[in-house]
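Listed here are the chains, written in short residue letters.
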Amino acid sequence: MRDQKRNGFWIALAAPGIIWLVLLFIVPFYAVLAIAMGKLDQLFESPVAVWNPLQWSSSNVIDVARDLVGSASFAGPIVIRTVLYVAIGSLLCLLIGYPAAYFVARFAGRRKGLFLILLIAPFWISYMMRMLAWVDLLQTNGYANKALGWFGISPVNWLGGKPATVILGLVYGYIPYLILVLYAGLDRIDPALIEAGRDLGLGRVRTFVRITLPLSRQPILTGLLITVLPMIGDYYTNQLLSGAASTSMIGNLIQGQLGTPGLEGQGAVLSLLLLLVLLIPMIYYVVATNRSSRVAS
Amino acid sequence: MTAPSVSAAQPPGSSVPAAAQAQPRSRRLLGRNPWRHPWFLEGFTWLYLVWSLVPIIIAVLFSFNKGKSQAAWQGFSWRWYFKDPVNSVLHDPALHAAVIQTVRLSVLTTIIAVPLGVAFALGINRWRGYTSSTFNFVMILSFVIPELIFGVAMFFVFTVLFTGVHLGTIAETLGLVTWNVSWPAIIVQARLVTLGRHYEEASADLGANRFQTMRRVLLPLLAPAIFASAVLVFSGVIDDFVIVDLLSSNAGNTPMSVIIYSTQHGGNGGPALNALGTIMLVMSFIIAIIGFIGYRFLTRGERGSRIAALTTIAGSEG
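Chains as they are written, first to last, in our numbering: chain X, 391 to 687; chain Y, 42 to 359.
Because the hints were derived from the structure by calculation, they are not lab data. It is possible that part of the hints are untrue.
Between beta-carbon pairs, the in silico distance windows are [as the list claims (entries may be wrong)]:
#, chain 1, residue 1, chain 2, residue 2, range
1, Y, Leu-102, X, Gly-503, 25 to 35 Å
2, X, Phe-464, Y, His-137, 33 to 43 Å
3, Y, Ser-110, X, Ile-478, 30 to 40 Å
Each residue gets a CB set at the ideal place from its N, CA and C atoms; glycine is no exception.
Work out the full structure, taking the sequences as your base and the hints as a guide.
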């Protein structure tokens with residue numbers, strides 16, 4: 391009785407948040423499902439949500455399946471391109487980010503504060519401003535081409551649908567997240583372990599390979615997830631830096647279908663499919679960060 | 042056939058492992074200090090920082106360009122901020138409205154999301170049960186779900202189900218609150234875990250009731266976490282793009298990030314957009330500085346370092 395009363399106080403505190411989550415997080419996803427499994431209003435070309443699972447229709451799912459696989463599929467190449475761009479982009483993030491995070495966590499010494507401010511600065515600069523900066527640099531008469539001109543290389547149309555430009559944008563956009571996760575993980579490694587490795591006669595490289603690298607496996611995984619998840623849903627980076635259909639990604643496909651009459655149901659199916667694919671990495675991320683924060687406290 | 046050739050390729054006898062072992066030792070004896078400063082790594086880090094920050098500095102410079110170009114410097118002016126009677130941020134109605142809309146959304150979202158998230162964190166943390174852990178999981182899920190997928194769900198719920206909420210400021214605020222409420226919920230819970238229950242128990246032993254304990258003991262102890270999450274929510278809304286892009290309906294309720302994107306993408310870019318981006322940057326930096334100083338002030342007397350304050354304000358629990 392007393393216990394229940396005590397619980398009642400906390401339930402009352404949590405209730406507004408729970409109601410909010412139900413109405414504006416769980417219900418919206420049911421709405422997406424109802425539209426994905428719904429019908430099309432032939433007259434207005436607007437999606438009709440079907441709330442009762444017994445009356446669900448599979449027409450949108452069949453349409454999407456036809457787009458994804460089959461002889462006339464146009465979405466299949468987009469999916470492959472997305473996977474490719476994200477894989478290359480996140481790998482580059484790791485290759486660039488790890489040495490920087492490693493240096494700041496282990497060797498920055500008294501200048502750690504300065505380095506951290508500089509590493510964190512991009513968090514405080516709007517993503518759009520950071521993309522705009524590259525739009526400026528990469529214009530045909532921009533500084534990138536001027537710099538190439540010094541070496542006698544003729545101007546390149548960087549913003550005209552180049553995959554390399556899109557990947558550059560993705561790396562530039564999401565690398566700060568990876569670096570901060572890596573830094574936090576590497577900073578947590580007990581220096582005594584590294585000293586012990588040295589004392590036992592390991593060289594610098596082997597200390598790194600035998601001690602630091604195995605201990606940073608967890609931050610590498612969570613850091614990669616934190617860059618991969620938003621990269622997959624990104625549609626604006628490649629719109630700003632390329633805008634060409636030849637570089638469009640799954641995000642562009644979904645975003646484009648949202649505004650197109652008649653295709654909104656397929657957009658709902660695609661975004662649910664994407665959610666389904668990403669659910670496992672998302673849950674892994676939640677479990678992994680939960681575990682590491684429990685270890686830390 | 043292959044076996045003889047393999048053995049022929051190897052030098053005979055047990056000298057192979059011996060040579061492999063001797064090599065690193067002799068290199069170490071040559072006097073390379075294993076504790077020397079890693080100049081290569083430091084150089085690499087500086088290169089990364091230059092690559093990461095110099096483009097922004099150039100973009101800020103172009104907001105002061107005299108001419109219309111975003112790529113060639115033509116002299117300094119305030120033209121794109123307020124001097125130009127038509128195209129400056131001050132005088133172009135769309136740009137002007139975007140600044141106001143960003144501030145409006147940031148304030149509204151912070152005011153709603155922070156109390157909601159803090160109450161949720163307190164309740165969920167103390168109320169042990171199946172329901173509470175389920176909703177805690179849902180909350181964390183809302184933290185990691187890709188923004189586009191969440192934005193699609195918001196778009197559909199406001200266009201198909203809650204049609205009374207038209208796309209615009211209210212839809213944007215509801216979406217942003219849901220997207221950002223996990224900051225206070227997660228950060229305050231982390232703080233509650235580190236605090237433990239001793240303070241509350243002491244307060245109860247001294248005769249305080251639950252409300253007094255909450256007001257006099259818990260909330261002051263949670264103040265740094267609440268403050269940090271407010272800073273993160275506010276700056277998160279300034280920076281947000283996907284949700285507001287999908288939920289805005291006309292120029293009157295389109296914030297800065299969306300204006301920069303749609304104008305540049307539409308081929309009408311110009312230094313006025315750089316000016317808008319610079320205004321966003323200055324706003325964020327002011328919030329960051331307030332956040333850092335405020336967090337240091339609230340955690341004075343604790344063992345936490347400047348560096349801990351820095352990483353907390355950037356949203357990392359590290």
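We went through each hint and held it up to the structure:
A hinted range of 25 to 35 Å holds for the C-beta pair Leu-102(Y) and Gly-503(X), which are about 27 Å apart. Taking the beta carbon of each, Phe-464(X) and His-137(Y) are about 41 Å apart, inside 33 to 43 Å as hinted. For the pair Ser-110(Y) and Ile-478(X), the supplied restraint of 30 to 40 Å holds, since their beta-carbon distance comes to about 32 Å.
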